[in-house]
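Peer 1: Each chain, written out:
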Amino acid sequence: MSRGTIVDKIWDAHHVVRGDGGLDLIYIDLHLVHEVTSPQAFEGLRLAGRRVRRPDRTMATIDHNVPTDDPFVIDDPIAKKQIDVLRENCRDFGVPLFDLDSDRRGIVHIIGPELGLTQPGMTIVCGDSHTSTHGAFGALAFGIGTSEVEHVLATQTLWQAPPKTMKVNIVGTRHPAVTAKDIILGLIARFGVSFGRGYIFEYAGNVVREMTMEERMTVCNMSIEAGARAGLIAPDETTFRYLEARPFAPKGAAWEAAKARWAALTSDPDATYDAEVTFDVSDLKPVVTWGTHPGMAATVDGVVPHPDDYVDATERESVRRALEYMALAPGTKISAIEVDYVFIGSCTNGRLEDLRAAARVVERIGGHVHPRVKRALVVPGSKTVKRQAEAEGLDRIFKNAGFEWREPGCSMCLGMNPDIAPPGARVASTSNRNFEGRQGPRARTHLVSPAMAAFAALTGRFADFEESRAVLAAAGGGRGAAV
Amino acid sequence: MQPFDVHTGLVVPLDRANVDTDQIIPKQFLKRVERTGFGQFLFYDWRYLPDGTPNPDFILNQAAYRGATILLTRENFGSGSSREHAPWALADYGFRAVLAPSFADIFYNNAVKNGLLPVVLPKSAIEALFDRAAEGPFEATIDLAAQTVALSDGTTYAFDIHPEHQRRLLRGEDDIAVTERYLASIEAYEAAHPLPPLVK
Chain A
713 MSRGTIVDKI WDAHHVVRGD GGLDLIYIDL HLVHEVTSPQ AFEGLRLAGR RVRRPDRTMA
773 TIDHNVPTDD PFVIDDPIAK KQIDVLRENC RDFGVPLFDL DSDRRGIVHI IGPELGLTQP
833 GMTIVCGDSH TSTHGAFGAL AFGIGTSEVE HVLATQTLWQ APPKTMKVNI VGTRHPAVTA
893 KDIILGLIAR FGVSFGRGYI FEYAGNVVRE MTMEERMTVC NMSIEAGARA GLIAPDETTF
953 RYLEARPFAP KGAAWEAAKA RWAALTSDPD ATYDAEVTFD VSDLKPVVTW GTHPGMAATV
1013 DGVVPHPDDY VDATERESVR RALEYMALAP GTKISAIEVD YVFIGSCTNG RLEDLRAAAR
1073 VVERIGGHVH PRVKRALVVP GSKTVKRQAE AEGLDRIFKN AGFEWREPGC SMCLGMNPDI
1133 APPGARVAST SNRNFEGRQG PRARTHLVSP AMAAFAALTG RFADFEESRA VLAAAGGGRG
1193 AAV
Chain B
5 MQPFDVHTGL VVPLDRANVD TDQIIPKQFL KRVERTGFGQ FLFYDWRYLP DGTPNPDFIL
65 NQAAYRGATI LLTRENFGSG SSREHAPWAL ADYGFRAVLA PSFADIFYNN AVKNGLLPVV
125 LPKSAIEALF DRAAEGPFEA TIDLAAQTVA LSDGTTYAFD IHPEHQRRLL RGEDDIAVTE
185 RYLASIEAYE AAHPLPPLVK
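Residue numbers (the numbering used here), protein chains in the order written: chain A, 713 to 1195; chain B, 5 to 204.
Just so you know, the hints here were simulated from the structure itself, not pulled from any lab data. Be aware that one or more of the hints could be misleading.
Below, computed lysine to aspartate or glutamate pairings styled on DMTMM-like, alpha-carbon distance capped at 20 Å [to be verified]:
1. A:Lys1086 / A:Glu1027
2. A:Lys1045 / A:Asp1024
3. A:Lys721 / A:Asp1021
4. A:Lys793 / A:Asp813
5. A:Lys792 / A:Glu1119
6. A:Lys792 / A:Asp782
7. A:Lys721 / B:Glu168
8. A:Lys793 / B:Asp164
9. A:Lys876 / B:Glu168
10. B:Lys127 / B:Asp164
11. B:Lys127 / A:Glu1119
12. A:Lys876 / B:Asp164
13. A:Lys792 / A:Asp813
14. B:Lys127 / A:Asp804
15. A:Lys971 / A:Glu988
16. B:Lys127 / A:Glu1029
17. A:Lys1045 / A:Asp948
18. A:Lys1045 / A:Glu1075
19. A:Lys792 / B:Glu38
20. A:Lys1111 / A:Asp813
21. A:Lys876 / A:Glu988
It should be emphasised that the depicted structure is a prediction, and the values quoted were computed from it without experimental measurement.
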């Protein structure tokens, strides 16, 4: 039984009703809304004559369906209708909306943190499984379905079973070429895509403490890919430095008070967890997925496995199907896999440090996108990221090398907008899911870091570790100082 | 929400692990603004060939399984995206229950809220049911109050479910209506924990 952890502390501070029939009613501090998972929830409110209880604690934006060439030209009438319906719902129910013409709009999990809406100790929900991203700030943040979206809109609360907690220690000495993306992919490859089911992760350990906020967001973002609805990191000076002076962060005396409160948000030294795992990254190298879920991954010096390597019959069959879908032969060297599409962006890796790391690799290798690569997209996660990147000249580095420099949105992470990989395309992607058809029907996705994606764009394949370690290390492990 | 008490129906085996919600309902079908009509898109990329004709190899397309209402599958069903369109599609297609050794957390909650019963059975029971399916189509009776899955030959498997989920499914209760009975508690919480407007 979990006790004294940061999760327990946040949970206890948000009880409205404790343990009615074994479920707790908890209060939600921040509700993020987007166009895809909210229309039926607002419709439910309308039919029942209910209002939004805390529009001042609700924020909506448009990200999934947005075209990234010209966001204002939406050819797909159904996508456009969904966006129009969100506008109408926000207007009718008084919910603040960062619309397409807002200079603060972007992917919901990018703009929450960068605007300072995401704060330590909060409970945060969104009808989107990558809500776990916000856990990087020591918030309890998780994805919900549309019925729960409607419930939160109406009551600002949710019925939840008290969480089980798992401490995830990430320790060791990180190779300079290893990014936060490699670490989270490595963790999932090591422990599996469902080891977090039923748990909330608390990431701890020296490697986590040394991470920047943007790296922490990449790690927490993919908690759901390990089956955990939420993953969080206790706030520290790194967190406070990031948040200070953000548009919606507290100011003046309120800032000092908030910081003092947040500094107490740590797990007690004698806290007990329901489970604990430790992942030593000392021997980790950059990671590339070869299959159809994020746990099917290998380091760049590795090879595609053989189904017969697996003892469990169901797993053997999954691997066989995955290799068939991915058109990969067992034993193929990861560094010999040739790609023809590259996507840099998403709520996992669409932040400024990600773009810096990719740009640095592009500069270091020099030249142009490889002739084999038909399209290489760079999609900033928000208008703010785009402005900052352009101020640093990153857009010119990408454009000069033949990349497309796009407008913010979810883009090719899930292809609900025109950015879709065609059937059979092999994509080096900085997104979070390599499921069948995720980036387009029959498209083949390899999940990688921004540095590796940039390498693949310029060389047409993944990096051999020996030849590329200096280049990847120069990208700062994605640690993102300006180029 | 449609209540769930006792249901007897044809069991269709989907012998795959980690079936993610992108497979249950691909993203191109998430743009509708209604809750209904998603059944036609269920398992779309598996159910249909690239030319749009039914894939004869996919189990749901086999005549013997027409009208199936109980889905038998492997671990971690419903992983990935939080889209409630997944249980909407399963329920709209006609499914009333899914039998699996484990479910992804968000999918589980979404299913319960839509009267689609997620039944967690031990791995050995799931294995036995797949063995039974290999012999040919069969029916099962799920009794939510008794927490059992029974076959016509008398074989019975017991399952666990959170008592609160069980109660709400049995009554087909609307969660929001339940919560509105606690309005005084919500107001008391808000008075004790004043939260200034955040999004100005």
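Peer 1: For each hint, tell me whether it holds in the structure or not.
Peer 2: Cross-check of the supplied hints:
1. About 34 Å separates the Cα atoms of Lys1086 (chain A) and Glu1027 (chain A), which puts this hinted pair outside 20 Å; it is violated.
2. A hinted pair counts as satisfied when its Cα atoms are at most 20 Å apart, and Lys1045 (chain A) with Asp1024 (chain A) does not qualify at roughly 24 Å.
3. Distance restraint check for Lys721 (chain A) and Asp1021 (chain A): the Cα-Cα separation of roughly 43 Å exceeds the 20 Å cut-off, and the hinted pair is therefore not satisfied.
4. Straight-line distance between C-alpha atoms of Lys793 (chain A) and Asp813 (chain A) comes to about 17 Å, which keeps the hinted pair within the 20 Å bound.
5. Between Lys792 (chain A) and Glu1119 (chain A) the alpha-carbon distance is near 17 Å, which keeps this suggested pair within the 20 Å criterion.
6. For the hint linking Lys792 (chain A) to Asp782 (chain A), the alpha-carbon distance of about 13 Å falls within 20 Å, and the restraint holds.
7. Between the alpha carbons of Lys721 (chain A) and Glu168 (chain B) the distance comes to roughly 24 Å, so the proposed pair goes past 20 Å and is violated.
8. For the proposed pair Lys793 (chain A) and Asp164 (chain B), the alpha carbon gap of about 42 Å is over 20 Å, so the pair is violated.
9. Restraint check: the Cα-Cα separation between Lys876 (chain A) and Glu168 (chain B) comes to about 18 Å, which is no more than 20 Å; the hinted pair holds.
10. Note on Lys127 (chain B) and Asp164 (chain B): the hinted pairing holds, with a Cα-Cα distance of about 14 Å set against a maximum of 20 Å.
11. About 47 Å separates the Cα atoms of Lys127 (chain B) and Glu1119 (chain A), which puts this hinted pair outside 20 Å; it is violated.
12. With a C-alpha separation of about 18 Å, the suggested pair Lys876 (chain A) and Asp164 (chain B) falls inside the 20 Å cut-off, and the hint holds.
13. Restraint check for Lys792 (chain A) and Asp813 (chain A): satisfied, since their Cα atoms lie roughly 15 Å apart, inside the 20 Å limit.
14. Simply put, Lys127 (chain B) and Asp804 (chain A) have alpha-carbon atoms about 49 Å apart, too far for the 20 Å limit, and the pair is violated.
15. With a C-alpha separation of about 29 Å, the suggested pairing of Lys971 (chain A) with Glu988 (chain A) is violated against the 20 Å cut-off.
16. Between the alpha carbons of Lys127 (chain B) and Glu1029 (chain A) the distance comes to roughly 17 Å, so the proposed pair stays at or under 20 Å and holds.
17. With a C-alpha separation of about 41 Å, the suggested pairing of Lys1045 (chain A) with Asp948 (chain A) is violated against the 20 Å cut-off.
18. For a cut-off of 20 Å, the pair hint linking Lys1045 (chain A) to Glu1075 (chain A) is broken: about 26 Å separates their Cα positions.
19. Between the alpha carbons of Lys792 (chain A) and Glu38 (chain B) the distance comes to roughly 15 Å, so the proposed pair stays at or under 20 Å and holds.
20. A C-alpha spacing of about 24 Å is found between Lys1111 (chain A) and Asp813 (chain A), which places the hinted pair above 20 Å, so the restraint is violated.
21. Pair hint Lys876 (chain A) plus Glu988 (chain A) holds up; C-alpha atoms about 11 Å apart against a cutoff of 20 Å.
This entry does not satisfy hints 1, 2, 3, 7, 8, 11, 14, 15, 17, 18 and 20, going by the numbered hints stated previously.
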